[in-house]
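J.: Going line by line, the protein sequences match chains A and B.
Going left to right, the first sequence walks through residues 1 to 107 as the working numbering numbers them.
Going left to right, the second sequence walks through residues 1 to 114 as the working numbering numbers them.
Wrong hints could be hidden among the right ones.
What the hints assert, rightly or not - Derived EDC-like pairs: lysine to aspartate or glutamate, alpha-carbon spacing no greater than 20 Å straight-line:
{"no.": "1", "chain 1": "B", "residue 1": "Lys44", "chain 2": "A", "residue 2": "Glu41"}
{"no.": "2", "chain 1": "A", "residue 1": "Lys68", "chain 2": "A", "residue 2": "Glu55"}
{"no.": "3", "chain 1": "B", "residue 1": "Lys44", "chain 2": "B", "residue 2": "Glu63"}
{"no.": "4", "chain 1": "B", "residue 1": "Lys44", "chain 2": "A", "residue 2": "Glu77"}
{"no.": "5", "chain 1": "B", "residue 1": "Lys62", "chain 2": "B", "residue 2": "Asp86"}
{"no.": "6", "chain 1": "B", "residue 1": "Lys71", "chain 2": "B", "residue 2": "Asp86"}
{"no.": "7", "chain 1": "A", "residue 1": "Lys99", "chain 2": "B", "residue 2": "Glu18"}
{"no.": "8", "chain 1": "A", "residue 1": "Lys99", "chain 2": "B", "residue 2": "Glu63"}
{"no.": "9", "chain 1": "A", "residue 1": "Lys68", "chain 2": "A", "residue 2": "Glu14"}
{"no.": "10", "chain 1": "B", "residue 1": "Lys44", "chain 2": "B", "residue 2": "Glu68"}
{"no.": "11", "chain 1": "A", "residue 1": "Lys99", "chain 2": "A", "residue 2": "Glu14"}
{"no.": "12", "chain 1": "B", "residue 1": "Lys27", "chain 2": "B", "residue 2": "Asp86"}
{"no.": "13", "chain 1": "A", "residue 1": "Lys76", "chain 2": "A", "residue 2": "Glu91"}
{"no.": "14", "chain 1": "B", "residue 1": "Lys44", "chain 2": "A", "residue 2": "Glu55"}
{"no.": "15", "chain 1": "B", "residue 1": "Lys62", "chain 2": "B", "residue 2": "Glu72"}
{"no.": "16", "chain 1": "A", "residue 1": "Lys99", "chain 2": "A", "residue 2": "Glu56"}
{"no.": "17", "chain 1": "A", "residue 1": "Lys99", "chain 2": "B", "residue 2": "Glu68"}
{"no.": "18", "chain 1": "A", "residue 1": "Lys68", "chain 2": "A", "residue 2": "Asp82"}
To be verified - Partner residues are not named here, just some residues of chain A that face chain B (Cβ under 10 Å, in silico):
{"no.": "19", "residue": "Ala12"}
{"no.": "20", "residue": "Gly15"}
{"no.": "21", "residue": "Ala16"}
{"no.": "22", "residue": "Val18"}
{"no.": "23", "residue": "Gln19"}
{"no.": "24", "residue": "Ile20"}
{"no.": "25", "residue": "Phe29"}
{"no.": "26", "residue": "Asp52"}
{"no.": "27", "residue": "Gly53"}
{"no.": "28", "residue": "Phe60"}
{"no.": "29", "residue": "Tyr72"}
{"no.": "30", "residue": "Cys88"}
{"no.": "31", "residue": "Thr102"}
{"no.": "32", "residue": "Ser104"}
{"no.": "33", "residue": "Val105"}
Note that these hints are calculated values from the structure, not bench results.
Where a beta carbon is used, it is the ideal one built from N, C-alpha and C, also for glycine.
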Amino acid sequence: GQNIDQPTEMTATEGAIVQINCTYQTSGFNGLFWYQQHAGEAPTFLSYNVLDGLEEKGRFSSFLSRSKGYSYLLLKELQMKDSASYLCAVELTALIFGKGTTLSVSS
Amino acid sequence: NAGVMQNPRHLVRRRGQEARLRCSPMKGHSHVYWYRQLPEEGLKFMVYLQKENIIDESGMPKERFSAEFPKEGPSILRIQQVVRGDSAAYFCASSPPARYYGYTFGSGTRLTVV
C-alpha cells in the first residue's frame, strides 16, 4: 500500500508562514497533488507537482522531492479563511490521499 | 458552467435499505472517481470509472457496494443492505483525459444510517 503521512494538526497566526509536510512510501506515481477542504465542503485543488522542485501560485507554493519521498505545502501571509484541512495525494490510477492536516489560524 | 453535481446532498436510510448516490461529472470530463470520508479522516479511494467501464475498484468493499457509469446519465454508487458503519460522506470527483488539469470534486452526499 501507499503510506502517506502528514501531521494531524497545526496552528499558526494571521500573517505568518506555515509549512505542511507530506512524506510517502510509494514510487512510480504520476504526480503529487495538494487540496484544501473546509469543514463540510468539497476538496478544492491547490497545486500539482510532477517534477522535483517548487511550484508557486500566489500565496501557496508546493515542493516535491521524489528521491526523498517528500513534499510540502507552503502558505504565506496567512488569513483566517485559510483555516481548513490540507490534503496531500499521490496520483496512481486515481488520487490516493493522506489523512490530511487540520490548520487553525488565529488572530 | 456547472461543476460536479452530486445528489442527494443528504440521505438517511434505515439499516437494511439500499442507498443510491448519483454523480454527474463536469462537462467534458469522462473519468469519475468515488471516495468515502469518515469524520476526522482523509478521503479513501473506492472506485475509478470511465464510461461503461470500471478501471480500478481496488478500494471498493467486496460485498454490498457497486458502481456504474453508463453511456448515458450519471454515475451511480449503490450500497445494498446498509449498516451503521456505512454512515459517511461520499464524494465524487471527475477529470478530463489529461488528468494533470486536476480532479474536480462534488459537494458530496452525507449518508446517515439509522
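J.: Now tell me, hint by hint, if it's right for this structure.
T.: Taking the hints in turn, this is what the structure says about them:
1. Lys44(B) <-> Glu41(A): 16 Å, holds
2. Lys68(A) <-> Glu55(A): 17 Å, holds
3. Lys44(B) <-> Glu63(B): 17 Å, holds
4. Lys44(B) <-> Glu77(A): 31 Å, violated
5. Lys62(B) <-> Asp86(B): The hint holds at about 14 Å.
6. Lys71(B) <-> Asp86(B): 28 Å, violated
7. Lys99(A) <-> Glu18(B): 28 Å, violated
8. Lys99(A) <-> Glu63(B): The given pair, whose Cα atoms are some 25 Å apart, is violated under the 20 Å limit.
9. Lys68(A) <-> Glu14(A): Violated, because 31 Å separates the two Cα atoms, which is more than 20 Å.
10. Lys44(B) <-> Glu68(B): Distance ~18 Å between lysine 44(B) and glutamate 68(B) Cα, so the pair holds.
11. Lys99(A) <-> Glu14(A): 24 Å, violated
12. Lys27(B) <-> Asp86(B): 30 Å, violated
13. Lys76(A) <-> Glu91(A): 26 Å, violated
14. Lys44(B) <-> Glu55(A): 26 Å, violated
15. Lys62(B) <-> Glu72(B): Given pair lysine 62(B), glutamate 72(B) is violated - Cα atoms ~26 Å apart, limit 20 Å.
16. Lys99(A) <-> Glu56(A): Roughly 24 Å separates the two Cα atoms, so the pair is violated.
17. Lys99(A) <-> Glu68(B): Judged against 20 Å, a Cα distance of about 27 Å means the pair is violated.
18. Lys68(A) <-> Asp82(A): 28 Å, violated
19. Ala12: 20 Å, violated
20. Gly15: Nearest chain B Cβ about 28 Å off; hint violated.
21. Ala16: Where the cut-off is 10 Å and the nearest Cβ of chain B is about 25 Å from alanine 16(A), the hint is violated.
22. Val18: At 19 Å from the nearest chain B Cβ, valine 18(A) fails the 10 Å test, so the hint is violated.
23. Gln19: 19 Å, violated
24. Ile20: 13 Å, violated
25. Phe29: 12 Å, violated
26. Asp52: Check failed: Cβ of aspartate 52(A) comes no nearer than 16 Å to chain B, outside 10 Å.
27. Gly53: Hint on glycine 53(A): violated, closest Cβ of chain B at ~15 Å, above 10 Å.
28. Phe60: Hint violated; phenylalanine 60(A) Cβ to chain B Cβ min 14 Å, cut 10 Å.
29. Tyr72: 17 Å, violated
30. Cys88: With a minimum Cβ separation of about 9 Å from chain B (threshold 10 Å), the hint on cysteine 88(A) holds.
31. Thr102: 8 Å, holds
32. Ser104: 14 Å, violated
33. Val105: For valine 105(A), the interface hint is violated, since the closest Cβ of chain B sits about 19 Å away, which is over 10 Å.
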